Amino acid sequence: MSAPRKARVATVSLAGCFGCHMALLDIDLRLVELLKHVEFDRSPLNDLKHFTRHCDIGIIEGGCCNEENVHVLQDFRRNCDVLIALGQCAITGGLPAMRNAIMHSDDPLRECLEEAYVLSPYVTNPTHVIPNDPALPLLLDKVYPCSAVVKIDHQIPGCAPSGDIIYETLVQLLAGRFDGFDPHTIHFD
Amino acid sequence: MHAQAELPDQVADEACARVGNDRHRLLDVLLTVQHRCRWIAPAAIDRIAARLGLTALAVRGVASFYSFLSLEPRGHITIRLCDDIIDRHAGYDGVLAAFEDALGIRLGGISADGAVSLDATPCIGLCDQAPAAMVNDVVLAGLTPERARDAARALKAGARPEDLVSPVFDSLSAHERVRAAVANNIRLSGDVLLGEVPREAGLRRALALTPEQIIAAITASGLRGCGGAGFPAGRKWEAAAREAAARRFIICNADEGEPGTFKDRVLLTERPHLLIEGMTIAARAVGAREGILYLRGEYAYLRDHLEAVLAERRAAGLLGVGILGTPGFDFDIRLQLGAGAYICGEEGALISSCEGLRGEPKTRPPFPVQRGYLGFPTVVNSVETLCHAARILDRGPEWFFAMGTPGSHGTKLFSVSGDCRAPGIYELPYGVSVQELLHLAGAEDAAAVQVGGPSGVMIGRDSFHRQLSFDDLATGGAIIVFSGARNILEIVDYYLSFFVHESCGYCTPCRVGNVFLREAIAKFRNGHANAEDVAYLRSLSATIIETSRCGLGTTSPNPVLSTLAHFPLVYSVVTKPSDDGLQATFDIQSAIENARGIAKRRSFVFDRDFSQ
Chain V
1 MSAPRKARVA
11 TVSLAGCFGC
21 HMALLDIDLR
31 LVELLKHVEF
41 DRSPLNDLKH
51 FTRHCDIGII
61 EGGCCNEENV
71 HVLQDFRRNC
81 DVLIALGQCA
91 ITGGLPAMRN
101 AIMHSDDPLR
111 ECLEEAYVLS
121 PYVTNPTHVI
131 PNDPALPLLL
141 DKVYPCSAVV
151 KIDHQIPGCA
161 PSGDIIYETL
171 VQLLAGRFDG
181 FDPHTIHFD
Chain H
1 MHAQAELPDQ
11 VADEACARVG
21 NDRHRLLDVL
31 LTVQHRCRWI
41 APAAIDRIAA
51 RLGLTALAVR
61 GVASFYSFLS
71 LEPRGHITIR
81 LCDDIIDRHA
91 GYDGVLAAFE
101 DALGIRLGGI
111 SADGAVSLDA
121 TPCIGLCDQA
131 PAAMVNDVVL
141 AGLTPERARD
151 AARALKAGAR
161 PEDLVSPVFD
171 SLSAHERVRA
181 AVANNIRLSG
191 DVLLGEVPRE
201 AGLRRALALT
211 PEQIIAAITA
221 SGLRGCGGAG
231 FPAGRKWEAA
241 AREAAARRFI
251 ICNADEGEPG
261 TFKDRVLLTE
271 RPHLLIEGMT
281 IAARAVGARE
291 GILYLRGEYA
301 YLRDHLEAVL
311 AERRAAGLLG
321 VGILGTPGFD
331 FDIRLQLGAG
341 AYICGEEGAL
351 ISSCEGLRGE
361 PKTRPPFPVQ
371 RGYLGFPTVV
381 NSVETLCHAA
391 RILDRGPEWF
401 FAMGTPGSHG
411 TKLFSVSGDC
421 RAPGIYELPY
431 GVSVQELLHL
441 AGAEDAAAVQ
451 VGGPSGVMIG
461 RDSFHRQLSF
471 DDLATGGAII
481 VFSGARNILE
491 IVDYYLSFFV
501 HESCGYCTPC
511 RVGNVFLREA
521 IAKFRNGHAN
531 AEDVAYLRSL
541 SATIIETSRC
551 GLGTTSPNPV
561 LSTLAHFPLV
571 YSVVTKPSDD
581 GLQATFDIQS
591 AIENARGIAK
601 RRSFVFDRDF
611 SQ
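Residue numbers (our numbering), protein chains in the order written: chain V, 1 to 189; chain H, 1 to 612.
Any given hint could be a false lead.
[Claimed, not checked] Straight line, CA to CA, 30 Å or less: simulated DSS-like cross-link-like pairs of lysine-lysine:
| # | chain 1 | residue 1 | chain 2 | residue 2 |
| --- | --- | --- | --- | --- |
| 1 | V | LYS151 | V | LYS36 |
| 2 | H | LYS600 | V | LYS49 |
| 3 | V | LYS151 | H | LYS523 |
| 4 | V | LYS151 | H | LYS576 |
| 5 | V | LYS151 | V | LYS49 |
| 6 | V | LYS36 | V | LYS6 |
| 7 | V | LYS49 | V | LYS36 |
| 8 | V | LYS49 | V | LYS6 |
| 9 | H | LYS576 | H | LYS523 |
Since the hints were made in silico from the structure, they are not lab data.
Predicted model only: the values in this text are computed from it and were never measured.
Isolated chain V, as found in the complex (with noise of 0.2 Å):
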């Protein structure tokens, strides 16, 4: 009798700082326990850049911001049967989502550009130009949630969550038995 096939995981960053995949290596030695069960597909842990087959579980960091981030968050939707959020940005737009506050303006996207790269007096701009390079993907009007975009099946809180709790979720879903967390485990004050 073969061994039964090990859970494929993919992982991505969007409007994320990484923080949260720096956080999944807090796993830290039971990493290597978690590999027996798990394999890597699509993530920059490997630099897999594209899906190579269908994957059990897809882990998103970071909220959408662009266009790119949208298309990504529901080629993850497409190609996974379970999708986590993990940490804030995913989960509610997080410190990217300060844009949003930019609500009283006629157009408040214009209004973020230029403050981040010609009024503030902090920035060293001589050429005055927003950057506009066809490769860069479009700005989309705010940052959404993930799960304003597509169906999201578990939300891991934290900024970023502990490796802990990471390892705990990611153990009890491939047992099959995740029913929610203990609060004091996503207690943070």
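Chain H: place on chain V using the hints.
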């Protein structure tokens, strides 16, 4: 045509002086400034703050809370159209268009010369003669586009709002002015309130009793509060009487803001003496010397009429010192006008409002009967409850107890409106079935009935046999009838918008949760909902109910929950399964439209015909 607006700081000075610079009368001060200047200018805020010893921020906080107080200039004539769902069904759109057209301004706008402004406001208690509008302090009922256009033209030509009510307005008495503006549509008079009522019979009997005997009579009658919650009136009075205190207060809650309710309007017009008699009896029972009649801002047109009644009673020795020659029985009443806040119908919020604060509910306990107005024991009863009390003293508790059902004694005023031939007031004993009431009102094609207003429940034909009483369908009296031609989800959407507007904002689950509920309902109306959204509606509703501190938050999800329970098919026909896991509400094209314009290029990913 109109007098030049007065200087705001001078008006503020006068308004403060008139209330003796008492900060608890801040709402009266602000109403005076609003009335005379048509807005609360920053200069007025600073002056009021200095006079009353408050911070400008505190004054601004109160001024910004109430809908009828404005921090921006409004017209010398302020038109407020009632945009309740009943009015919408009765032709609100046509009336609005006629006003906009004739005045040359849009909803929310003000004419260039500052003469007229046009706004919308929730239910003003005229659902039986919708569409209706307030013009300054007078009301226009039963509007048609033609009447609206005529009224707008007359106002532009220099007519006063009062002239729209009657050409001989100035020669009418206060009561006649009310009658000229509003028909009361009493369709069925019962034995207790709307039939023959002898003057002061209850009060005279009460004077022969001890306070304990009065409370015992009220308790024995089984009278329960008629505002909606149904708390036993006798127990409330007893609790206030028991409390050791230097002062006690009786407050009459005439802030009937529940959309679809207008029974207090009718009682205040037709039975004002009975109401004051009831307040006086309550004062005798609990040992109060001071009373407040809190009249909702929408009923400002009743103020002169009620002040005249109070003056008449003072002159007749029925209010004031030594009432009816009884040494030591002193009681007088002050009329407090509200300013357009539904939440002030909640007794804690109502007391806050009387104290010159934002109309926010208070944390309970302590209950108002322990520490209410200014920290003193306070009985807050609705208009109908106090009228009942006076009648119970007159006819005896057994007479009242014998009517109704085992859990709900006496009669109840039902305010029937919506899709029926005879909207108006019906006084019937508790226990009448919805079907019987619909039959009386001529609502044979009713498909849904909202019992108790938005905070009550919506029932369908399969529940029309149920009884209106605290044992079955509890209600504050609003019965809103919808025919099969109405869209249930539109009604739910409207009621949620109402609660979003009226939430005081103190509890986050109510302030934010109701917005989320409305967004979720919009998903159903737009055909984007799937089965999980039904579960979301239920869990979000449960959170709002569980975590809000006053009755608004604990009932605001009711339009959703009761329609889910009684009209499940309405939801299921617009629900579709989603199998691709993508959110139908997310529209990538509109999300990148702005960036396309700024970058002056199209999307590589989402513009399929991209070629370069």
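Results of checking the hints against the structure:
Note on LYS151 of chain V and LYS36 of chain V: the hinted pairing holds, with a Cα-Cα distance of about 29 Å set against a maximum of 30 Å. Distance restraint check for LYS600 of chain H and LYS49 of chain V: the Cα-Cα separation of roughly 29 Å lies within the 30 Å cut-off, and the hinted pair is therefore satisfied. For the given pair, LYS151 of chain V sits about 15 Å from LYS523 of chain H by alpha-carbon distance, which is consistent with the 30 Å threshold. Distance check on the hinted pair: LYS151 of chain V and LYS576 of chain H sit about 15 Å apart at the alpha-carbon level, within 30 Å; holds.
At roughly 22 Å between alpha-carbon atoms, LYS151 of chain V and LYS49 of chain V fall within 30 Å of each other, so this suggested pair holds. Simply put, LYS36 of chain V and LYS6 of chain V have alpha-carbon atoms about 8 Å apart, close enough for the 30 Å limit, and the pair holds. Taking the CA atoms of LYS49 of chain V and LYS36 of chain V, the gap is about 23 Å. The hint holds against a cut of 30 Å. Simply put, LYS49 of chain V and LYS6 of chain V have alpha-carbon atoms about 20 Å apart, close enough for the 30 Å limit, and the pair holds.
For the proposed pair LYS576 of chain H and LYS523 of chain H, the alpha carbon gap of about 11 Å is at most 30 Å, so the pair holds.
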